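J.: Going down the list, the sequences are from chains C and H. Counting from 1, one number per residue, gives the positions in the first sequence under the UniProt record's numbering. Counting from 1, one number per residue, gives the positions in the second sequence under the UniProt record's numbering.
Everything labelled a hint here was simulated from the structure, so no lab data went into it. Among the clues, some could well be false.
Straight-line C-alpha distance at most 25 Å; calculated BS3-like pairs for lysine-lysine [stated by the list, open to error]:
| no. | chain 1 | residue 1 | chain 2 | residue 2 |
| --- | --- | --- | --- | --- |
| 1 | C | Lys116 | C | Lys128 |
| 2 | C | Lys116 | C | Lys47 |
| 3 | H | Lys22 | C | Lys47 |
| 4 | H | Lys22 | H | Lys40 |
| 5 | C | Lys47 | C | Lys133 |
| 6 | H | Lys103 | C | Lys47 |
| 7 | H | Lys22 | C | Lys166 |
| 8 | H | Lys22 | H | Lys103 |
| 9 | C | Lys47 | C | Lys166 |
| 10 | H | Lys96 | H | Lys40 |
| 11 | H | Lys96 | H | Lys22 |
| 12 | C | Lys47 | C | Lys128 |
| 13 | C | Lys47 | H | Lys40 |
| 14 | C | Lys166 | H | Lys40 |
| 15 | C | Lys116 | H | Lys40 |
Sample of chain C residues lacking proximity to chain H, with all beta carbon distances greater than 10 Å (derived) [what the hints assert, rightly or not]:
| no. | residue |
| --- | --- |
| 16 | Gly93 |
| 17 | Gly95 |
| 18 | Asp98 |
| 19 | Gln104 |
| 20 | Glu113 |
| 21 | Gly118 |
| 22 | Tyr120 |
| 23 | Lys133 |
| 24 | Leu167 |
| 25 | Val235 |
| 26 | Asp266 |
| 27 | Asp274 |
Given the structure is predicted, the values throughout are model-derived calculations rather than measurements. Backbone N, C-alpha and C define an ideal beta-carbon position, used for all residues, glycine too.
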Amino acid sequence: MYGGEFDGNAAFAGGGFMPSQATTQANDSSSSLKNRDVRTLLPLTLKQLSSASTNGDSNFSVDGVDINTVAIVGRISRMENRITQVDFVVDDGTGWVDCVRWCQERQETEEMEAVKLGMYVRLHGHVKSFQGKRSVNVFSIRPVTDFNEIVHHFTECMYVHMYNTKLRGGSVAHGGSTTQATATPRPQMPYSTMPTSAKPYQTGPSNQFSNQINDPMHGVKQTVMNYLNQPMHLVSEAGVHCDIIARDLRIPPLQVRQAIEQLSSDGCVYSTVDDTCFKSTLNA
Amino acid sequence: MDTSSPSAFVNGALLRRYIGQKVRTVIQVIGSDTGSVVGKSTDDLQIVVRGPSTTPPLTTYLEVIGIAESDNSIRAETWTNFGNTFDPQNYNELCKLASGEFKHLFI
Numbered sequence: 001m002y003g004g005e006f007d008g009n010a011a012f013a014g015g016g017f018m019p020s021q022a023t024t025q026a027n028d029s030s031s032s033l034k035n036r037d038v039r040t041l042l043p044l045t046l047k048q049l050s051s052a053s054t055n056g057d058s059n060f061s062v063d064g065v066d067i068n069t070v071a072i073v074g075r076i077s078r079m080e081n082r083i084t085q086v087d088f089v090v091d092d093g094t095g096w097v098d099c100v101r102w103c104q105e106r107q108e109t110e111e112m113e114a115v116k117l118g119m120y121v122r123l124h125g126h127v128k129s130f131q132g133k134r135s136v137n138v139f140s141i142r143p144v145t146d147f148n149e150i151v152h153h154f155t156e157c158m159y160v161h162m163y164n165t166k167l168r169g170g171s172v173a174h175g176g177s178t179t180q181a182t183a184t185p186r187p188q189m190p191y192s193t194m195p196t197s198a199k200p201y202q203t204g205p206s207n208q209f210s211n212q213i214n215d216p217m218h219g220v221k222q223t224v225m226n227y228l229n230q231p232m233h234l235v236s237e238a239g240v241h242c243d244i245i246a247r248d249l250r251i252p253p254l255q256v257r258q259a260i261e262q263l264s265s266d267g268c269v270y271s272t273v274d275d276t277c278f279k280s281t282l283n284a
Numbered sequence: 001m002d003t004s005s006p007s008a009f010v011n012g013a014l015l016r017r018y019i020g021q022k023v024r025t026v027i028q029v030i031g032s033d034t035g036s037v038v039g040k041s042t043d044d045l046q047i048v049v050r051g052p053s054t055t056p057p058l059t060t061y062l063e064v065i066g067i068a069e070s071d072n073s074i075r076a077e078t079w080t081n082f083g084n085t086f087d088p089q090n091y092n093e094l095c096k097l098a099s100g101e102f103k104h105l106f107i
């Protein structure tokens, strides 16, 4: 729904923040950053939409993410049916926007007939700009029946905003360009704190790695991985004895053992000389 | 497209910050009279809503959009029945966030 592929299991899976293995940003082009294969669906408030930066008449971006499709939830405050199209105004409390829904197929007309003035609706559409005025070309609209949906939509807007600004390293776009990282893509290490090319908020293919939020060992595992990923340990053939890891990191040896067992079954470390010495699987 | 007259998400405690301005809130209806409805805000404070003289049938939860007259009353321009299965706690948290950390997304 948010990305090109929708996986129902993957919605918020695995803490939700790790970029998927099958990232489409495999090419590190420093030229055009607009990846036309990435279609985004962004839930937005109308305030966010009106403050979206623009790069030319039809390229909008919010928080550094290109806008393709938007999701808006609001009330219909004006409506005019012109047979082949319906012009209406949606007000979500943060602002209002002109919308148009073209009705050429019977299914489209029927969809619009279910929508009445004063109703709360959820709509999806493309943002258009004409002579500086922004409007939405709606292709999907339905009445809201459970009003918790309104609360959910705004909560989601805040979440996506936070995700796109903070978790992508705060790399906010200038002048509407996208912020796909142009650094060389690195292998996706689940416990690594190295920068990875982060995608904008999308539900991608399911995250195979353990859920970070529910994993009590996550912090310890991450610390151990960062330790083992240091250059001097990566080049050492023999690896590091786990008691030494425990001593250096000042973590109880039992916890280190447990973390290493889990990391080993995840494929992040392997035992070298015997089953007390370990090395990271990351290429030196 | 226009964002010049937004309505702030408020609960009982936040209402006083927006006196004279357009606000929106959801109340749990306690009682109604001709031209006014008394309700409990999502943070358990009492709010009085003055509206049109004919009050249509009301569900448990009512959304009111209007001008805040005082720290516990609103002069309603629009109200919408929000049904009986609305979650006031979620709404309460939304109000706090929308007036706080994420205010720039709303007002």
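J.: The structure should be examined with respect to each hint, and the outcome stated for every one.
T.: A quick look at each hint next to the structure:
1. C:Lys116 <-> C:Lys128: Holds, at roughly 23 Å.
2. C:Lys116 <-> C:Lys47: This hinted pair holds, its Cα atoms lying about 24 Å apart.
3. H:Lys22 <-> C:Lys47: 15 Å, holds
4. H:Lys22 <-> H:Lys40: 19 Å, holds
5. C:Lys47 <-> C:Lys133: 14 Å, holds
6. H:Lys103 <-> C:Lys47: At roughly 10 Å apart (the allowed maximum being 25 Å), C:Lys47 and H:Lys103 satisfy the hint.
7. H:Lys22 <-> C:Lys166: Between H:Lys22 and C:Lys166 the Cα gap is close to 31 Å, so the pair fails against 25 Å, i.e. violated.
8. H:Lys22 <-> H:Lys103: Satisfied, since the Cα-Cα distance of roughly 15 Å is no more than 25 Å.
9. C:Lys47 <-> C:Lys166: 20 Å, holds
10. H:Lys96 <-> H:Lys40: Roughly 17 Å between the alpha carbons, so the hint for H:Lys96 and H:Lys40 holds.
11. H:Lys96 <-> H:Lys22: 17 Å, holds
12. C:Lys47 <-> C:Lys128: Holds, at roughly 16 Å.
13. C:Lys47 <-> H:Lys40: 29 Å, violated
14. C:Lys166 <-> H:Lys40: Between C:Lys166 and H:Lys40 the Cα gap is close to 36 Å, so the pair fails against 25 Å, i.e. violated.
15. C:Lys116 <-> H:Lys40: At roughly 29 Å apart (the allowed maximum being 25 Å), H:Lys40 and C:Lys116 break the hint.
16. Gly93: Violated, because the least Cβ-Cβ distance between C:Gly93 and chain H comes to about 5 Å, which does not exceed 10 Å.
17. Gly95: 3 Å, violated
18. Asp98: 7 Å, violated
19. Gln104: 25 Å, holds
20. Glu113: Holds, since 21 Å exceeds 10 Å.
21. Gly118: 8 Å, violated
22. Tyr120: 7 Å, violated
23. Lys133: 6 Å, violated
24. Leu167: 15 Å, holds
25. Val235: 45 Å, holds
26. Asp266: With a cut-off of 10 Å, C:Asp266 remains clear of chain H, as the shortest Cβ separation is near 35 Å.
27. Asp274: 51 Å, holds
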